[in-house]
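Residue numbers (this note's numbering), protein chains in the order written: chain A, 1 to 498; chain B, 1 to 246.
Simulated from the structure, these hints should not be mistaken for laboratory data.
No residue lacks a Cβ here, since even glycine has one placed at the ideal position from N, Cα and C.
Check the hints yourself; a few may be wrong.
[As the list claims (entries may be wrong)] Per label pair, the in silico range of CB-to-CB distance: (1) M177/B <-> E52/A: 29 to 39 angstroms; (2) P139/B <-> E52/A: 23 to 33 angstroms; (3) E229/B <-> G353/A: 50 to 60 angstroms; (4) E285/A <-> F216/B: 24 to 34 angstroms; (5) V56/B <-> D348/A: 28 to 38 angstroms; (6) P139/B <-> Y113/A: 17 to 27 angstroms; (7) H90/B <-> G42/A: 33 to 43 angstroms; (8) P334/A <-> T47/B: 39 to 49 angstroms; (9) T47/B <-> D451/A: 37 to 47 angstroms; (10) K132/A <-> A146/B: 32 to 42 angstroms.
[Claimed, not checked] Distance condition first, Cα-Cα at most 30 angstroms in a straight line; then the derived DSSO-like pairs of lysine-lysine: (11) K70/B <-> K65/A; (12) K70/B <-> K54/A; (13) K304/A <-> K230/B; (14) K67/B <-> K397/A; (15) K230/B <-> K445/A.
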Amino acid sequence: MAKEEFQVPEVREHLEIPPVVEGAMAHSQPFVAAADHQSLLGYPEELVDGWEDKAVEKMGEMARKYRSFRVFLDACVKCGACTDKCHYYLGTGDPKNMPVARQDLLRQVYRRYYTLGGKLFPGLVGAKDMSKEIFDDWYRYYHQCSQCRRCSVFCPYGIDTAEISMAAREIMDSVGLGQKYCNEIIGKVHKIGNNLGLPLPALEDTMEGLEEDVEEDTGVAVKYPVNVEGAEVLLVTPSADFFAEPHVDGLIGYGKVFHQAGVSWTVSSHASEAANFALFTGSYEHMFKISNRIREAALELGVKRIVFGECGHAWRVAYSFLNTLAGPWDFLDPRYPVPQHIMEFTYDLIQRGGINLDPEANDDKVVTVHDSCNVARASRMGTRPGDQFAYPRAVIKASVNRFVEMDPNTTMEATFCCGGGGGLLTDDLMELRVKGALPRMEALKEVVERDGVTHMAAMCAICKSQFTKVLPYYGMGMDMVVSVHQLVSEAIQLGTKD
Amino acid sequence: MSLVTVAYAVAFYLATIILVGGLIYRIREYATVPSPLKIPTMPAPLTPMGAFWRVVREVIFFESLFKSNKWIWIFGVLFHAGLAVVLIRHLRYFIEPVWFWVVLIQPFGVYAGFAMVAGLFGLWGRRVVVDRVRYISSPSDHLMLALLVAIGISGLIMRYVTRTDVIAVKAFFMGLMRFDWQPLPTEPVLLIHLGLVVLLMVLFPFSKLLHIPGLFFSPTRNQWDNAREKRHLATWAAPMDAQRDT
Chain A
1 MAKEEFQVPE VREHLEIPPV VEGAMAHSQP FVAAADHQSL LGYPEELVDG WEDKAVEKMG
61 EMARKYRSFR VFLDACVKCG ACTDKCHYYL GTGDPKNMPV ARQDLLRQVY RRYYTLGGKL
121 FPGLVGAKDM SKEIFDDWYR YYHQCSQCRR CSVFCPYGID TAEISMAARE IMDSVGLGQK
181 YCNEIIGKVH KIGNNLGLPL PALEDTMEGL EEDVEEDTGV AVKYPVNVEG AEVLLVTPSA
241 DFFAEPHVDG LIGYGKVFHQ AGVSWTVSSH ASEAANFALF TGSYEHMFKI SNRIREAALE
301 LGVKRIVFGE CGHAWRVAYS FLNTLAGPWD FLDPRYPVPQ HIMEFTYDLI QRGGINLDPE
361 ANDDKVVTVH DSCNVARASR MGTRPGDQFA YPRAVIKASV NRFVEMDPNT TMEATFCCGG
421 GGGLLTDDLM ELRVKGALPR MEALKEVVER DGVTHMAAMC AICKSQFTKV LPYYGMGMDM
481 VVSVHQLVSE AIQLGTKD
Chain B
1 MSLVTVAYAV AFYLATIILV GGLIYRIREY ATVPSPLKIP TMPAPLTPMG AFWRVVREVI
61 FFESLFKSNK WIWIFGVLFH AGLAVVLIRH LRYFIEPVWF WVVLIQPFGV YAGFAMVAGL
121 FGLWGRRVVV DRVRYISSPS DHLMLALLVA IGISGLIMRY VTRTDVIAVK AFFMGLMRFD
181 WQPLPTEPVL LIHLGLVVLL MVLFPFSKLL HIPGLFFSPT RNQWDNAREK RHLATWAAPM
241 DAQRDT
């Protein structure tokens, strides 16, 4: 898809609910996974014969394995509460991007084969036979959901469209229709250990380079270690942190924090990736395998703690699932939660006075914060509900003098997805990403104009990449996005605690 | 014994069996399907008691709906609270002597009937007027509203327009419960009202009315947030877990 083939939505003063425009995004779909991407993950290489029946059968299996899926298919009353909550609907007006309508793409088939009403009176209850037309809609619109869970906050029954879209992708994979972006990446993690396919020598090179840069910059020899046995902390961070901007500035920040804390740490080449794209494809099995690389690395290196870098969905898998998938963690230091978020690490250090931060170092900035969907609605930090909002703010405010909140309807539990989550951060979905970013862009523009905000801090590799790419479409600079730990990195007074 | 009495008596027995049996079947199904991962919508309570109260707040106050859309919330509360009071008011047809608090609530029950119908019309209006809600509505969504409205209005007609022999109606239901059938008055409005109620009871376990048990089993609402403290292994995932080398 060429870059300028679509109209960038107009930024308005207030968020407005668009009228329904049927088929507005019917042309949007990601590249299909090639045969070798599929076979590597144990999926059929292409759409199998009799896929209709097999998909229906798989759907029944999912309903027996996942209570969420089973209950959510029954419980919806079509009240409409969710219809204006999805950023993709708000940005496109395509009715199939309303959470309930997205669910209905699958629910209509479920009803036909698994409910009495759908078997007897399909027309009455909106039940339909499985068909190529419906399946094509699945592929299009289940890849227009970033699984951000915003709809689940507002649903009176807590129906989470993410659960439906994950199940749908798993069903499609199981009959041979996979998404290239996700499945290729999952394959790379299985083979090499990270999403980028970055091998050990490249990783070592990068980290050495960082050591040189930081020493040149600050005069302090901060270490960026790889595969160090017996280190206290295993840092698991999204591989984008190793090279992408502004991610790498965050990684530099983590290193400086560990340095000042006097805590030895290492990354592992075996588990050099926090991201776990199997969450997006709804595959428990692959999520399990990827998670257990972290367990293997922790055992191999003999670390005592596991700390995760800034990444939204990775933190969901880490916080909410890692114990279940890769635990128990009885071989680690029981005084610390497993895993910990780097934000928790830095926050605790600030509370104990174990770190010297000079917020004046960031006086050239007016900063706001973007709550990542998966951090906000799918995980937690700290000890109390809501600390996932309090901790990043506390860390930012300790590093920055001028901090501004965006419209509260767009932050914390009501935060909008950046538009690139859920396995959609790929160039073949550029139009969707730009349009899906609209609600966040509007809220950001408001504080830019009102409060002179210059930077937006993010705590997720996907958010950072997505914003870097879409900000220019909205007439803002790509370098407005910063890592939270980039702010820490600027403010930290190295050499004052050694 | 008139044919009408026999038909309605049999219909109510069957409807009760389908309603109760169907609900037990569904609830067992919901309860036995595993929940392999912790997925509460965060921020979530940290304790079982906290999660219990979260569900209670959803059931009684429609907390999430309140956050979401004030119009749906107002109409939804009007309908559901109205229906609740109306149902309590109807208890007098099934108990003798009538409990004190059920007697007290009788006058409010009538207003509740109006509130219920008003709420239903509000919700129905949204289905027609709001383009997004119109798009997601199936014929069954309109028919369910029509059914509930018809039950409500036929009930109100019996209260305000026609005169129904409520003593005889009570005798009929008490008789059903004691397996000692008594004649059912044959006023058309009453027969319509009761016929629609039978239909509603039968539809319950097969329709979106399952949102009622569903809410109690919704993992995003009834789970508490302790994933880092406690593993949450589903039975079907346990073999995978056991096969690890390390």
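Cross-check of the supplied hints:
1. M177/B <-> E52/A: 29 to 39 angstroms: 49 angstroms, violated
2. P139/B <-> E52/A: 23 to 33 angstroms: 25 angstroms, holds
3. E229/B <-> G353/A: 50 to 60 angstroms: 28 angstroms, violated
4. E285/A <-> F216/B: 24 to 34 angstroms: 30 angstroms, holds
5. V56/B <-> D348/A: 28 to 38 angstroms: 35 angstroms, holds
6. P139/B <-> Y113/A: 17 to 27 angstroms: Given about 19 angstroms between the Cβ atoms, the range holds.
7. H90/B <-> G42/A: 33 to 43 angstroms: Given about 57 angstroms between the Cβ atoms, the range is violated.
8. P334/A <-> T47/B: 39 to 49 angstroms: Taking Cβ atoms as reference, P334/A and T47/B lie about 21 angstroms apart, which means the hint is violated.
9. T47/B <-> D451/A: 37 to 47 angstroms: Taking Cβ atoms as reference, T47/B and D451/A lie about 39 angstroms apart, which means the hint holds.
10. K132/A <-> A146/B: 32 to 42 angstroms: Taking Cβ atoms as reference, K132/A and A146/B lie about 35 angstroms apart, which means the hint holds.
11. K70/B <-> K65/A: 35 angstroms, violated
12. K70/B <-> K54/A: Status violated; Cα separation ~42 angstroms.
13. K304/A <-> K230/B: With Cα atoms ~19 angstroms apart, K304/A and K230/B stay inside 30 angstroms; holds.
14. K67/B <-> K397/A: Distance ~29 angstroms between K67/B and K397/A Cα, so the pair holds.
15. K230/B <-> K445/A: Roughly 42 angstroms between the alpha carbons, so the hint for K230/B and K445/A is violated.
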